[in-house]
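Visitor: Protein sequence lines correspond, in order, to chains A and B. Taking my numbering, the leading residue of the first sequence gets 1, the next gets one more, and so forth. Taking my numbering, the leading residue of the second sequence gets 1, the next gets one more, and so forth.
Watch out, some of these pointers could steer you wrong.
To be verified - Partial list, derived from the structure: chain A residues whose beta carbon lies under 8 Å from chain B:
no., residue
1, 24
2, 43
3, 45
4, 48
5, 102
6, 104
7, 110
Don't read these hints as lab results, they were simulated from the structure. Yeah, the Cβ is synthetic: ideal placement off N, Cα and C, and Gly gets one too.
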Amino acid sequence: DTGVSQDPRHKITKRGQNVTFRCDPISEHNRLYWYRQTLGQGPEFLTYFQNEAQLEKSRLLSDRFSAERPKGSFSTLEIQRTEQGDSAMYLCASSPQTGLPGNTIYFGEGSWLTVV
Amino acid sequence: AQKITQTQPGMFVQEKEAVTLDCTYDTSDQSYGLFWYKQPSSGEMIFLIYQGSYDEQNATEGRYSLNFQKARKSANLVISASQLGDSAMYFCAMRRPSGGYNKLIFGAGTRLAVHP
């Protein structure tokens with residue numbers, strides 16, 4: 001399978017615990033994105049990387065959230081001191097770099113987070 | 001504000017019939033891209049079709065076509081010959097030049113149910 005893969009697919013955690021999600025993009029894609037999707041809504045942009053550089057962060061990304069892409073390949077999204085409002089699906093996506101509007105962004109299957 | 005509006009929370013269609021899912025968008029940009037994604041219950045966002053703002057022809061991809069009416073700022077998805085496997089959430093999304101076309105703005109989605 002050469003698509004975007006995410007791990008774990010499901011995570012249940014207690015409020016206050018830290019969680020980390022991993023994303024492996026399509027291998028030749030140098031752009032990587034994180035989105036969050038809550039029930040009944042479309043995905044919302046969180047952040048994106050070009051290679052290892054994090055170039056944009058949404059105001060949705062509070063200081064409890066940190067994303068890294070250390071070698072420009074896989075990425076991790078960590079949520080510290082989780083809150084019930086963090087319960088959502090976290091989608092990772094990747095695309096090649098062309099700077100064109102038709103550059104398709106390919107998504108993974110998402111990581112479901114439930115904070116209890 | 002740049003936004004995507006999908007006014008149909010849910011749609012029903014009989015198998016083998018065609019269905020149109022509505023999408024309107026709001027932007028002041030001249031260059032932008034419009035996308036439709038399908039999200040089955042597994043969670044993955046599956047790319048279906050793309051329309052560029054400068055494209056004069058309506059996009060088609062197999063059973064999917066996009067009815068692009070630029071002056072009305074609408075980009076409706078038409079699915080012909082519906083199949084049971086088409087039952088899913090469908091999201092319209094827009095990509096703008098701000099930030100190098102690095103963000104997709106999604107609508108709230110339409111849930112399509114295909115009946116036998």
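Visitor: Each hint should be assessed against the structure and marked as holding or not.
Guide: Going through the hints against the structure:
This hint is violated: residue 24/A has a C-beta 14 Å from the nearest C-beta of chain B, more than the 8 Å allowed. Here the hint on residue 43/A is kept, as its CB sits about 5 Å from the closest CB of chain B, short of 8 Å. At about 5 Å, the closest approach between the beta carbon of residue 45/A and any beta carbon in chain B falls short of 8 Å, and the interface hint on this residue holds. Below 8 Å, beta-carbon pairs count as interface contacts, and residue 48/A has one with chain B at about 5 Å; its hint therefore holds.
Here the hint on residue 102/A is kept, as its CB sits about 5 Å from the closest CB of chain B, short of 8 Å. Because the closest C-beta pair between residue 104/A and chain B is about 5 Å apart, less than 8 Å, the hint holds. For the restraint placing residue 110/A at the interface with chain B, the shortest Cβ-Cβ distance is roughly 4 Å, inside the 8 Å limit, so the hint holds.
When held up to the earlier numbered hints, the structure conflicts with hint 1 and nothing else.
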